[in-house]
Amino acid sequence: MPSILRAFGFRVVLIVVIGLSSLGRAAEDRPPMSQEQMTALLEKIDDRQRNSGDYRWEGVIYQKERGKEDTAYEATVYRRDESDQFMILFTAPKSEAGKGYLRLEKNLFRYDPSVGRWERTTERERILGTNTRRADFDESRLADEYDPRFVAHEKLGVYDVAHLQLTAKQDADVAYPVVELWVDEPTGNILKRQDYALSGKKLRTLYTPKWNSYFSESKGTDVYVPAEIRVYDELEPGNSTLVRLQKVDLRRLPTNIFTKAWFESKSR
Amino acid sequence: MIPLQMAVRNLVSSLRKTVLLASILSTAVFFFVLLLAFGAGIRDGILASITTLSTGHLNVSGFVRTSREDVAPLMRNADVMQKWVAEHVPGIERTVMRDRGWGNVISDTGSMISGMIGVDFSSEHALRQTLSPSPTHDLPPRLPAVLPPDEIILFASQAKGLGVSRGDMVTLRTETLGGQINTASARVGYVAKDMGILSSYTVLMSREMIHELYRTPADTAGVIQIYLDDIDRSDDAAATLRKHLIDAGHPLLPSSEEPFFVKLQNLVDETWEGQRYDVTTWKEESSYLLWVLNAFSSLLGYLSALLAVLATIGVMNTMWIAVRERTREIGTLRAIGMSRRQVAAVFLCEALLLGAVSSTAGAAMASVVSVSVNLAEIPFQVEAATAIFMKDTLSLHVEFPSVALVILVFSMWTSLSAAWPAWRASHIAPITAMQQVH
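Protein chains in written order, with my numbering: chain A, 92 to 359; chain B, 113 to 550.
Hints may be right or wrong, so weigh each one.
Claimed, not checked - Counterexamples of contact, computed for chain A against chain B with all Cβ distances above 12 Å: (1) T130; (2) R157; (3) T167; (4) G207; (5) H254; (6) Q261; (7) D264; (8) Y267; (9) T278; (10) G291; (11) G329; (12) N330; (13) K338; (14) K351.
Stated by the list, open to error - Here are the computed lysine-lysine pairs in the DSS-like style, where the Cα-Cα straight-line distance is at most 30 Å: (15) A:K357 - A:K246; (16) A:K185 - A:K135; (17) B:K272 - A:K159; (18) A:K260 - A:K310; (19) A:K338 - A:K357; (20) A:K159 - B:K395; (21) B:K129 - A:K292; (22) A:K246 - A:K301; (23) B:K305 - A:K293; (24) A:K357 - A:K292; (25) A:K135 - A:K357; (26) A:K185 - A:K292.
Worth flagging that the hints you see were computed from the coordinates, not collected in a lab.
Every residue gets a Cβ at the ideal spot worked out from N, C-alpha and C, and that includes glycine.
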């Protein structure tokens with residue numbers, strides 16, 4: 092069976108497992124989380140994923156769209172969280188190689204080597220038309236951007252999770268005004284996330300069932316990175332994106348890497 | 113009078129040659145007038161489509177910078193601006209307010225990205241008159257005067273792509289001014305016949321729905337579309353309106369020949385704040401579509417030149433032959449007192465009559481063919497033609513002032529073509545001419 096089909100068949104298995112394990116279980120008899128506890132949890136989530144130094148991962152993005160052929164992209168993501176710098180460079184297939192995004196001084200730019208032009212775009216743009224956005228690859232800022240509300244302690248498969256509903260703060264520049272999170276309470280890893288529109292319509296569901304940790308010398312502790320991100324479009328069932336993060340490197344990047352010149356040199 | 117009578121007699125006396133040349137000339141004029149009618153038909157189709165869906169004769173658009181990287185196509189206090197425009201632009205037939213958006217339309221089986229136009233259906237009589245029902249859907253013959261606020265109008269190709277019919281539900285998705293995603297459920301209220309490429313990415317909906325999607329106040333609008341009593345006044349009216357807006361202290365975008373969605377994209381890179389206005393004509397808003405007309409005009413230009421050359425060669429050649437064949441006659445006429453001017457006039461009148469009769473015949477045939485083609489409602493077999501010409505049937509529009517001009521110019525040109533032979537004929541010495549032996 093092709094790997095993509097195996098990958099997307101996972102959703103069915105996951106849903107069945109979660110569904111079966113949720114059947115007949117009573118709600119955990121634990122007190123709801125306080126506002127301080129929720130804020131602390133969000134800060135923990137953000138901190139676990141943040142690296143004080145640099146961050147680089149190589150991975151593959153599989154895109155499935157109804158009525159179209161499945162596509163796969165290879166990409167490298169670069170981050171320097173201390174200065175909010177961010178870059179995605181697509182390296183395959185040949186038709187998309189050299190394209191990507193670069194954030195400079197709070198502006199996100201998109202580059203297409205076939206026209207040799209940089210275009211300023213919004214932070215909320217869908218990355219190369221997939222179901223992912225810049226925020227899915229960038230530093231987590233949940234504590235800064237959202238106000239949490241406790242929903243329930245729940246079981247997600249074998250995991251004890253805190254189910255929170257997040258509402259975007261007044262001035263937050265986010266695509267999804269309402270987010271629901273299922274957070275593994277012992278570890279603080281997000282296992283499931285659902286994003287909603289202002290109208291309350293569910294837009295997408297993300298699963299991050301497995302997390303890897305990497306020791307960061309600059310931070311002095313581990314940084315947590317999802318091994319894969321599965322994104323399912325809830326408005327257009329059949330559309331989904333699977334991101335597999337394969338090589339993570341927390342060593343220092345070259346100083347001049349977050350520049351248009353560097354990007355263009357790699358695009359050629 | 114005498115040169116004219118002689119010209120008629122000469123044409124009749126060499127009837128075969130006259131008919132042959134006249135046939136050639138009238139055939140050329142026939143095709144030329146037919147092409148003119150085709151071009152006029154395309155222009156009318158494009159104009160009807162553009163000024164219904166996309167632009168007025170003149171437009172006042174608004175752009176607001178909502179954040180460093182977001183610019184929205186809207187103006188605040190649109191009612192006030194609409195009244196102000198009515199006071200400052202003469203010759204307005206009507207104005208309509210519309211909202212502009214962009215987003216996804218999603219059905220159970222498909223999705224598309226489309227422009228979204230918020231319309232007050234009850235006040236847009238011209239829109240209701242122009243939209244006709246898609247023949248593949250069971251619909252009333254005309255758009256109802258009132259469309260519920262949660263209903264949208266799709267065009268036939270869009271409905272086909274989405275796999276929906278009247279009554280089906282779709283989801284609209286877009287981003288608010290603050291960049292947050294919002295959705296709305298909508299019912300397909302009507303499926304209209306395609307109107308070319310524009311209808312591929314235009315979805316019509318109520319203004320309430322656009323405001324709900326974008327979370328914009330009810331007193332905002334994207335554009336005020338102004339329809340003049342004479343579309344040809346658009347450029348002058350635009351210049352007047354720009355001047356009045358500047359005098360009133362309203363900041364304007366620089367004038368440019370780009371449609372609004374291109375301008376919107378370019379404005380992201382700019383750094384101004386607040387509200388800006390833009391005054392555009394229908395030509396500027398549809399510049400990316402008018403290449404068809406421009407290409408056609410160029411083609412007509414080349415054809416005109418070719419026609420002129422053909423006419424010149426044909427007529428001049430015939431006149432040279434006539435001069436040679438009638439040299440003795442010319443000599444005789446000169447000997448009995450006809451002036452040089454009168455001799456030249458005979459040849460000029462012959463050419464003029466030939467041109468007038470053949471061009472009139474050609475134009476008349478072209479008019480008959482045009483009327484027949486229009487009555488037959490011949491559909492374009494190629495989808496691309498429907499998209500480009502913004503019509504699904506072949507339409508030829510004979511504009512009689514243009515045809516009259518063609519006849520006049522062609523007649524004058526054929527006459528001019530005979531000028532040199534006529535001059536040479538008039539300068540033949542009578543004694544030389546009379547002595548000539550064939």
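To see whether the hints hold, each was checked on the structure:
Non-interface status of T130 of chain A relative to chain B is upheld: no Cβ of that chain comes within 12 Å, the nearest being about 22 Å off. A beta-carbon of chain B comes within 12 Å of the beta-carbon of R157 of chain A; the shortest separation is about 8 Å. T167 of chain A, annotated as away from the interface, keeps every beta carbon of chain B farther than 12 Å; the closest lies near 25 Å. Every Cβ of chain B is farther than 12 Å from the Cβ of G207 of chain A; the closest lies at roughly 16 Å, confirming the non-interface assignment.
Against the 12 Å criterion, H254 of chain A stays outside the reach of chain B, whose nearest CB is about 22 Å from its own CB. Not every C-beta of chain B lies more than 12 Å from that of Q261 of chain A, the closest at about 9 Å, which undercuts listing it as non-interface. The Cβ of D264 of chain A sits about 6 Å from the closest Cβ of chain B, inside the 12 Å cut-off, so the non-interface label is violated. Listed as outside the interface, Y267 of chain A is inconsistent with that label: its C-beta sits roughly 6 Å from the nearest C-beta of chain B, within the 12 Å cut-off.
Every CB of chain B is more than 12 Å from the CB of T278 of chain A (nearest about 29 Å), matching its label as outside the interface. Separation of G291 of chain A from chain B is inadequate, the least Cβ-Cβ distance of about 9 Å not exceeding the 12 Å criterion. Listed as a non-interface residue, G329 of chain A fails to keep its Cβ farther than 12 Å from every Cβ of chain B; the least gap is roughly 9 Å. Listed as a non-interface residue, N330 of chain A fails to keep its Cβ farther than 12 Å from every Cβ of chain B; the least gap is roughly 9 Å.
Its beta-carbon lying about 32 Å from the closest one in chain B, K338 of chain A satisfies the requirement of being farther than 12 Å from that chain. Listed as outside the interface, K351 of chain A is consistent with that label: its C-beta sits roughly 14 Å from the nearest C-beta of chain B, beyond the 12 Å cut-off. At most 30 Å may separate the alpha-carbon atoms for a hinted pair to count; K357 of chain A and K246 of chain A exceed this at roughly 46 Å. For the given pair, K185 of chain A sits about 39 Å from K135 of chain A by alpha-carbon distance, which is inconsistent with the 30 Å threshold.
Taking the CA atoms of K272 of chain B and K159 of chain A, the gap is about 17 Å. The hint holds against a cut of 30 Å. Proximity of K260 of chain A to K310 of chain A is assessed by CA-CA distance (about 28 Å); at most 30 Å being required, the pair is judged to hold. Restraint check for K338 of chain A and K357 of chain A: the C-alpha separation of about 19 Å stays at or below 30 Å, so the hint holds. This hinted pair does not check out: K159 of chain A and K395 of chain B have alpha carbons roughly 37 Å apart, beyond 30 Å.
The suggested pairing of K129 of chain B with K292 of chain A is violated, with an alpha-carbon distance near 81 Å, which exceeds 30 Å. Pair hint K246 of chain A plus K301 of chain A holds up; C-alpha atoms about 16 Å apart against a cutoff of 30 Å. With a CA separation close to 33 Å, the supplied pair K305 of chain B and K293 of chain A exceeds the 30 Å bound. Only pairs whose Cα atoms come within 30 Å are accepted, and K357 of chain A paired with K292 of chain A is rejected, the gap being roughly 40 Å.
Pair hint K135 of chain A plus K357 of chain A does not hold up; C-alpha atoms about 35 Å apart against a cutoff of 30 Å. For the given pair, K185 of chain A sits about 37 Å from K292 of chain A by alpha-carbon distance, which is inconsistent with the 30 Å threshold.
Hint check: violations occur at hints 2, 6, 7, 8, 10, 11, 12, 15, 16, 20, 21, 23, 24, 25 and 26; the rest are consistent with the structure.
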